[in-house]
Amino acid sequence: MLTVDEAAQARSGIQLQALNAAQPTSGTTVYGTVIDLQPLVELTSRYASSLADLDSAKAALEAARAELERTQALYADVQNASLKALQAARSANAAAAAKVKSLQANVSGIVASARQQYGAIVSRWVLVPATPELAPFLERREVLLRIVFPGGQTGAGPAVLKAIGDGVAPFDARLISAAPQVDPGIQGQAYFYRTAAPLATGARISARAPITVAVKATAKAGVLIPASAIVWYGGQPWAYVRTGKGQFQRRAVDPHFPQDGDYFVTDGFAPGELAVVRGAQLLLSEESRAQSGSQQENE
Numbered sequence: 001m002l003t004v005d006e007a008a009q010a011r012s013g014i015q016l017q018a019l020n021a022a023q024p025t026s027g028t029t030v031y032g033t034v035i036d037l038q039p040l041v042e043l044t045s046r047y048a049s050s051l052a053d054l055d056s057a058k059a060a061l062e063a064a065r066a067e068l069e070r071t072q073a074l075y076a077d078v079q080n081a082s083l084k085a086l087q088a089a090r091s092a093n094a095a096a097a098a099k100v101k102s103l104q105a106n107v108s109g110i111v112a113s114a115r116q117q118y119g120a121i122v123s124r125w126v127l128v129p130a131t132p133e134l135a136p137f138l139e140r141r142e143v144l145l146r147i148v149f150p151g152g153q154t155g156a157g158p159a160v161l162k163a164i165g166d167g168v169a170p171f172d173a174r175l176i177s178a179a180p181q182v183d184p185g186i187q188g189q190a191y192f193y194r195t196a197a198p199l200a201t202g203a204r205i206s207a208r209a210p211i212t213v214a215v216k217a218t219a220k221a222g223v224l225i226p227a228s229a230i231v232w233y234g235g236q237p238w239a240y241v242r243t244g245k246g247q248f249q250r251r252a253v254d255p256h257f258p259q260d261g262d263y264f265v266t267d268g269f270a271p272g273e274l275a276v277v278r279g280a281q282l283l284l285s286e287e288s289r290a291q292s293g294s295q296q297e298n299e
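First residue of the sequence shown: 1, per the working numbering; consecutive thereafter.
Because the hints were derived from the structure by calculation, they are not lab data.
It cannot be assumed that every hint is accurate.
To be verified - In silico DSS-like links for lysine-lysine, alpha-carbon gap of 30 Å or less:
1) K58 / K99
2) K58 / K84
3) K101 / K58
4) K99 / K84
5) K101 / K84
Please put together the full structure from these sequences, using the hints given.
As structure tokens, then:
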């Protein structure tokens, strides 16, 4: 809480504006990164190699079965084959069958890993032989994006996002599918998108997600914080509200819902409260000086 007398307010040119009730008209800002394709390439290579090994093992099993059947027939025909030869054929058949089973488990493990990491659509690019879907990404004509929406987003993501990234013109990102793994940092739903924008691996992008009809129908009412009321401190937007005669409180502003330059918020502010729209930076400086003086006194 910061106290400033009326004379100081007048000298500083502090102006107040009542906050207006509002409904959201645009969605949140979402963030994403360009995915490194090397793990996907390695998965593709492992899968192709494992399939080739499995095909060879199946061919060897067929040969072992044929040899076992031939040896069994000879052994049954007045023991034209020795018991030792029959036992060897049985062992060879069992070993071939065990190898096929092991390789099948390996292939199944790769399939499960691909689906767990990339979902049904992207994993199909790995699992379907000779698919052309990966070519644009491997040739760098397109890049694969992983974009995370805040908690509460469910179902299909927006088909197209208007996105921006460092060093490139604004671009369209087109939906591929939902990602099967939730982002651990913000517990949000992730989606795979694709774009032809020339972005480097690991580059960060941001986009505005359109608000859906369903979200509009259930959206919580809030207030608009004017852009002129915003001060930045510690990488976070704040606004000052007058709470009493000569008293001001700095409150955090949720940055996820920018709206035509202002900020739509549902918590922390109420319609009719008086926000500082001129002189907020001076209040922040005064608050910082007061805190610094208090720390020095404590020392």
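_Hints violated by the structure (numbers, ascending)_ = Every hint satisfied by this model.
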